[in-house]
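Based on the hints, put chain B in the right spot on chain A.
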Amino acid sequence: MTATEERPDTSTPERPPRSVPQPHFTDAEAGAKDFPDSGASARRFNYYDPAKRKQTHYEDVTVEVQPDPRHYLSQGWIYGFADGQTGYPLTWTKLKAWGVDDPEPVRGVGTGGGGRGLNWPAHGWHEFRDPNEEWEQTIYRNNANVVRQLNQNIENARNAKSFEQWTRNWIRFVERSVGAWMHVEHILGLYVFAANERSCPTNMHNTVLAVNSAHKIRFAQDLALYNLTLSEEIEDFDGSAHVDAWNNDTEWQGVREITEALTAVQDDWGEAMFVTNVIFEPLIGELFRSGLVMHAAPGNGDFVTPTVMGAGEHDYAQRDLRWTKACFGPLVHDREFADHNRQLMDGWLSAWVPRVLTAARTMQPLWSQPDHRPPRFEDSLDHAKNRFAGILDDLGLETPKELAQ
Amino acid sequence: MSRQSLAKAHQKIQELAWEPQYHEPYMKYGTDYTFRKAQKKDPLKQILRSYFPMEEEKDNRVYGAEDGAIRGNMFRQVQERWLEWQKLFLSIIPLPEISAARSMPMLFHAVPNPELHNGQAIQMIDEVRHSTIQQNLKRLYMQNYIDPAGFNNSLRNFHNDYAGTIGRQFAEGFITGDAITAASIYLTIVAETAFTNTLFVAMPAEAAANGDYLLPTVFHSVQSDESRHISNGYATLLMALSDEGNRQLLERDLRYAWWNNHAVVDAAIGVFIEYGTKDRRKDRESYAEMWRRWIYDDYYRSYLVPLEKYGLTVPHDLIEEAWNRIWNKGYVHEVAQFFATGWLANYWRIDGMTDEDFEWFEYKYPGWYDKYGKWWENYSRLATPNGHKPIVGEDVDYVYPQRCWTCMVPCLIREDIVTAEVDGHHRTYCSETCRWTDVEAFRPVYQGRETPNMGRLVGHREWETLYHGWTWDEVVSDMGYVRDDGKTMTAQPHLNLDPSKMWTLDHLKRLPPLQSPNVLFNEMTDEQRAAYIADYRRQGPAGRPAPASA
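Listed in order, the protein sequences are those of chains A and B. Going left to right, the first sequence walks through residues 1 to 405 as our numbering numbers them. Going left to right, the second sequence walks through residues 1 to 550 as our numbering numbers them.
Derived by calculation from the structure, the hints in this document are not laboratory data. Errors might be hidden in some of the hints.
[As the list claims (entries may be wrong)] For the chain A half of the interface with chain B, some residues (derived, Cβ under 10 Å), not all of them:
id : residue
1  : P36
2  : S41
3  : E64
4  : T86
5  : N151
6  : M182
7  : G189
8  : L228
We put the CB at the ideal spot given by N, CA and C, even for glycine.
One chain only, chain A, in its complex shape:
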């Protein structure tokens, strides 16, 4: 044998085996075995009835997530406020849905859970479904689409140097009054919609309030960041003028007063929502956004601002108003409390419409500020009134006489 020369060990030192969980074949997929509840009919949530024939994805992820002692909540609420109120009190609005005055099932020693044999829904609030079917996927898809589109619009305008086409007066108008509107949206988003989100009775209600709030807060920020872009793009654009307008301009004090009043509605989420989305939005919101800004902008060389305003307008007209009608319309025709609710809403209309109209009229001088005028204020207001009357008609409510003032 010939001795072989030892060769240097060039191999990599062997690593100790890694400790990792091992996959196992379990065959735990649907249909692998036959047993009670293995069939397709057991693969749906069976604790609620859908509003229509088929359970929707939206219903599956929202309905019954929040319990109700009038249904399966056998041990009742386990935390209370200092005054004894618990859960999601139905008295946090003066509106009533059928069944709310019926007593809750009494539970105690040996009563059982009390969920069997109860009619469901136990009261009319549970019948509400958001026609927009908002849940997390829709919230992010819609709002991400909006901000992407707005960013592209603004970026495109910036690249095209389109802001150079703006007239002096239009620049002043945008920096002060378009800017002032961001405060309206911000206050409504945080201190009306979000602030009332705890107070409403079902998961479907608090979800639409959260979504409506998100629309408003996003719109306010859209306007603020648009304002920031304009500060960067237009040499003498005063990015802080909107604060001065909001604090001091006579034209804005009526709107500010009524906006703040909406945050001060006393312990009634229903009134706050109704007044904001049924009265304030068409008579002031759309009046300003569509009736003034979006109409006036093109003639003043501005094709961008209407797209920013239009995004917020679309949120209201196509989404927020839809849930509002689906929420309040059935209460007007409620099988037990229609008269009560109608009187209540009529009262709100009588109380708020004159205030809102007065606030709307304080904005009238704004219609004269752009060089290229929008439609006359009275024409815009008439349009807003017609729109408002149409909403009331859809809800089954009479137009209040105060609208004629």
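Below, chain B without anything else, positioned relative to chain A:
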């Protein structure tokens, strides 16, 4: 995305801050805290222009993974032992999430910091996301896992079963009572900052080890939002600390929130991780080891202790006692045993422990077998119906426990039970801290100080009370935990889906009627109660009867 910097954009949206000029907003939710010297800083700097696309991208990843899991037949590798416990977890968790959404407006009312309100509003939307993304995951399990029973009626079950109410504290506690106690200290400072680590990080890791990579996909996506929520809580806490008058309330609330979170979350998640897994590698972390890392080191030592210099009184004693309960007093094991004892009152199937499990438990928790091994052997022996009763009705050296009136987990560490008579009703508590919570903390006066906004503990807090005197087949039928043949139970004490091995309502007729420990306790004379408690304290571990007196 816009080219504007985040800092610049965030600075700009501060111009939206509102100082009321004509009307003050209606303040519905009260607090006994004051914020007279509060600093006003928003730690989040989150703007919706970047938030919505970011969340949409996160969503796309989650839903892409869900599609992939179905196409890739993930459920062929999922451990049934694991997924059965998800029937409990996923019936509970969407409610705490949506309750967290509801809690944010309470902070608008209580915390005078417009900068923070922006972050709180975004958290509100996050929580809607979490609730519905989790409910959607449950829907996916229901549609694709072998046994949909328990998923398909989960929101009826959660509202009426003997464990759901324990979990519901993790929801109602966020939205009821003093706004800061509920929405800030209980929710963000303790639940989100400390315990989402085990809920949303440790537990999903265990899911992956059991063939389920969707739970980590969804919950890690959720957890990536939690870091922002933790910042919300931290900012509020610093504001509260700057007002010395709040320190007594902070001390109270931190003690309550810490102990209640420990009692509830460690009970549930500890059981899921230790008894719901098939991964028995000796080098995988036990729940106790995870707790030491995530809660003790990351939360207690790194987050809470540094706050002492700002005047926060940290409940060191309760943190050490929580660890003592987990490590020395077998808290998680006792809870698992209780769940398995009452398997028939549940809506999921509980797998027995095998020799491999025993070996792992003994390795991780030396002495485990002597305490719990025999009982689990009995559990497996009694798993399929064969002329005997369910284990709760058999003599296996287990005394059915009293419930804790406060945390509603039973008084499983027998020597620690305490009692109190409140409004003529005799209550039992798992620990002195739970007695203090009910009798002293949740009261309109605390240590001589008026606390008019503090909440109350209410409701039928012992589940067994409702069914006192009922036969078990009627109980299960009343709760609706029956499969579509009208007799086979949803719950089973094993994983065998052969119908001949499954328990039916008929089998339950062998059991005597259910007796509420609390009702019986209240029917005793004072002398009997004293003797009963003296005996109770000598019971255990593993629920064993007290040894005969020498």
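Subject >> Index of numbered hints that the structure contradicts, given in increasing order >> reply: none
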